[in-house]
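Chains as they are written, first to last, in our numbering: chain B, 1 to 376; chain F, 1 to 298.
Bear in mind the hints are in silico, worked out from the structure with no lab data behind them.
Note that the coordinates shown come from a computational prediction; the quantities given were computed from them, not determined experimentally.
It is possible that some hints are incorrect.
What the hints assert, rightly or not - Below, computed lysine to aspartate or glutamate pairings styled on EDC-like, alpha-carbon distance capped at 20 Å: (1) F:K289 x B:E111; (2) B:K105 x B:D217; (3) B:K49 x F:D135; (4) F:K52 x B:E111.
Stated by the list, open to error - Beyond 12 Å from chain B on every Cβ pair, some chain F residues (computed): (5) M1; (6) S75; (7) V76; (8) S122; (9) N158; (10) G250; (11) A268; (12) V270.
Claimed, not checked - Just a few of them, taken from the derived set where beta-carbon distance is under 8 Å, the chain F residues facing chain B: (13) F112; (14) V113; (15) I164; (16) V291.
C-beta: ideal position from N, C-alpha, C; glycine also.
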Amino acid sequence: MVLPLRGKVESARAYWAFITPAFLLYLLVFAFPIVLSVILSLSNYNGGKMFGGEPWTIVGFQQFQKLFVDPNFWLALKNNIYIVLISVFGQIPLGFLLAYLIYRKIVRWGEGWQAILYVPAIISVIVLGIMWKMIFASNGLLADMMNSIHHTTFLAGLNHILQVSGGFNITDDFVRQLIAISDPHAVGAFENPVNDLKDLIVSGGYTAQNLDVFRTDMLNLLSPKWTPEFMSQQDVAMIPILFVTLWCWTGMYLILFHANMQKIDNQIIEAARIDGASEMQVLRNVVVPNLSGVIANAAILCIAGSLNTFALIWAMTEGGPMNVTQVLAIYMYQKAFIGAPDFPLANAISLAIVAFSFILIGITLIIEKRFGGRDQ
Amino acid sequence: MMKRFLELLGKGAAYFVIILFTLMTVYPVIWLLVNSFKATPEYMVDKIGLPKEWIVANYQGAWTLGNFDILIGNSVLYTIVSAFGIIFFAILAGFGFAKIKNRATGPIYGSFVLGLLLSITSLMVPLFLEVSQVDKLIGSLFASLGWMKAEDFHLFYNTRIGMILIYIGSGLPMAVYLCTEYIKSIPDSLIEAARIDGAGYFQIFWRIIFPMSVPIATTVAVINVPNIWNEFALINIIVSDTALKSLPLGILRFSGSMSTDYGKQFAALVIGMMPMLLFYFAFQKQITKGVSGGAVKG
């Protein structure tokens with residue numbers, strides 16, 4: 001710390017000149033909004049001029065009472081907790097494991113893998129969200145991949161049946177075998193499957209000469225099909241979002257952990273290995289305790305980030321279908337900007353997100369303090 | 001013998017895990033790239049294969065339809081001006097906090113560090129209300145002076161300068177923290193020597209602190225450039241005029257009204273992805289260093 005140069009006055013003047021621009025912007029973007037959200041969440045202000053417009057007053061904790069009985073709020077909170085869990089117990093352990101594989105040179109070309117695995121973290125989540133939406137869509141890439149597997153197996157099965165029945169030779173037995181490899185839903189459409197299907201094939205005019213037509217028709221009619229219902233079915237709608245969350249950020253934790261592992265004194269590990277410790281023991285007894293502070297930091301950033309998930313889900317589902325992929329930030333956005341605004345409620349949600357972040361971060365710090373190893 | 005076998009098995013499992021993850025990362029991105037050259041009807045029937053004919057027109061179509069020249073221009077402007085603003089104000093404040101004794105440092109610097117834990121997304125509603133009220137207040141002031149109508153004035157809402165000020169503010173907690181800790185490590189003797197030469201605080205800032213802070217400025221830049229470039233939640237509510245929108249907002253339009261034109265949509269996604277991919281390959285070393293400094297947010 002440098003002593004005042006030419007007296008205290010000049011030093012104080014320079015100090016304030018240096019910190020004021022940053023401090024004012026900090027107040028603008030963080031401090032005032034928090035104060036405002038406390039005031040507005042307790043008020044009945046709902047748009048218009050705040051000063052000199054329609055009068056509004058503080059009315060108390062009504063909004064919070066409203067929130068506590070609002071099923072949508074609990075749904076959004078539940079989904080947010082899923083995202084926190086997949087982040088803290090998915091991204092961090094996975095990132096740690098991958099970092100360890102690279103750090104201990106269990107796999108070669110470590111830097112290369114690391115560079116590739118970070119790529120999703122640098123691309124806009126809007127781009128990635130839309131991309132994954134198209135992959136998980138009911139007619140998307142995933143459906144196409146699964147169905148091409150289904151088709152291949154079905155065709156192989158059909159060819160096998162044709163072979164064992166000695167060419168195009170439609171018997172009850174042939175039809176039974178065909179049914180066995182078919183999609184039960186498609187077969188279920190027939191009242192009396194064996195007879196009806198046999199009639200259908202016989203009346204279809206297929207001959208041993210145009211077996212290809214027969215194969216194609218059977219494929220279209222009977223092959224098992226898979227239609228992903230991630231975007232329409234309630235119970236599974238969160239799965240793609242959780243998957244993409246994990247996919248997107250694991251590489252970032254990989255880099256974070258790998259860099260900090262390199263600070264560990266290598267001699268300790270080499271000595272342990274010579275004494276016969278396995279990689280698992282080294283991981284558990286040397287590397288994890290050495291990085292407990294870094295893990296806690298990662299968990300804190302992870303929690304703060306995942307409670308604020310917005311853009312990724314907005315791009316993938318907009319919180320739909322029927323609000324089942326709703327999270328707090330989207331719920332808040334909808335209350336404020338879609339349809340009739342409810343600013344007091346939106347501000348109450350905003351405060352709830354801030355409060356949850358601090359509670360979870362507090363818990364993380366307590367855990368680190370109690371169970372953490374040596375700090376760096 | 002058994003031990004050798006187990007070790008080999010472990011190595012195999014390790015390679016399996018890392019290759020699986022790498023494939024899962026790379027394949028979707030390549031799939032996106034390949035399909036951006038496919039005609040829409042072909043995509044409808046074949047989502048896996050290579051295009052029969054590589055169609056560049058998807059890009060021309062997406063580019064004009066999406067107004068990407070405007071969007072990319074805006075994104076560049078927002079990102080560069082905000083990043084420079086963050087760096088400049090953070091080094092300035094960092095100098096104050098690290099090298100000039102003042103009792104205010106404790107609470108004010110502390111509040112910046114606390115800000116590290118706050119995410120701007122959770123505050124977007126009160127922030128929006130705040131800046132629109134500021135606009136209204138200044139507007140009515142100007143109206144009472146007879147300069148303009150109150151609702152015509154906007155400092156924040158739907159203005160570039162407002163968006164940039166908000167971006168600078170949102171990047172500051174992390175940047176101020178990093179710069180302050182960095183400037184603390186600059187030896188006091190350097191500053192004292194300058195003092196003997198009769199330099200004032202501002203001269204010391206320009207001649208010593210600022211040039212010596214280039215490494216930390218690089219770190220702050222590589223963290224903030226992708227964050228601002230990819231930012232969506234705030235600009236989505238602050239800016240409504242197409243001429244002021246950024247790339248992510250434009251990309252999202254393609255998944256709405258134009259979602260059935262897959263060829264163009266894929267091209268738009270690739271256009272949206274490319275700038276940051278190139279940035280990453282150009283500054284990969286610095287980015288990796290920045291991330292590993294614990295400077296993560298997301």
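Hints, one by one, checked against the model:
1. A threshold of 20 Å between alpha carbons decides the hint, and for K289 of chain F with E111 of chain B the separation of about 13 Å falls inside it, so the pair holds.
2. The suggested pairing of K105 of chain B with D217 of chain B is violated, with an alpha-carbon distance near 53 Å, which exceeds 20 Å.
3. For the hint linking K49 of chain B to D135 of chain F, the alpha-carbon distance of about 10 Å falls within 20 Å, and the restraint holds.
4. With a C-alpha separation of about 36 Å, the suggested pairing of K52 of chain F with E111 of chain B is violated against the 20 Å cut-off.
5. The Cβ of M1 of chain F sits about 17 Å from the closest Cβ of chain B, beyond the 12 Å cut-off, so the non-interface label holds.
6. The beta carbon of S75 of chain F is not kept farther than 12 Å from every beta carbon of chain B, the shortest such distance being approximately 10 Å.
7. Consistency note on V76 of chain F: stated as away from chain B, and its beta-carbon is indeed over 12 Å from all of that chain's, at 14 Å minimum.
8. Taking the minimum C-beta to C-beta distance to chain B, about 4 Å, the non-interface status of S122 of chain F is violated against the 12 Å cut.
9. For N158 of chain F, the condition that its CB be more than 12 Å from all CB atoms of chain B holds, with the nearest at approximately 14 Å.
10. A cut-off of 12 Å between C-beta atoms contradicts the statement that G250 of chain F is not in contact with chain B; the least separation is 9 Å.
11. Not every beta carbon of chain B lies more than 12 Å from that of A268 of chain F, the smallest distance being close to 9 Å; the non-interface claim is violated.
12. Non-interface status of V270 of chain F relative to chain B is broken: a Cβ of that chain comes within 12 Å, the nearest being about 9 Å off.
13. Proximity of F112 of chain F to chain B holds as hinted, the smallest CB-CB distance being about 6 Å (cut-off 8 Å).
14. Contact between V113 of chain F and chain B, as hinted, is not supported at the beta carbon level, the nearest pair being about 11 Å apart and thus beyond 8 Å.
15. About 10 Å separates the beta-carbon of I164 of chain F from the nearest beta-carbon of chain B, more than 8 Å, and the hint is not met.
16. For V291 of chain F, the suggested interface contact is upheld, since its CB lies about 5 Å from the closest CB of chain B, less than 8 Å.
Violation of the numbered hints given earlier is confined to hints 2, 4, 6, 8, 10, 11, 12, 14, 15; the remaining hints are satisfied by the structure.
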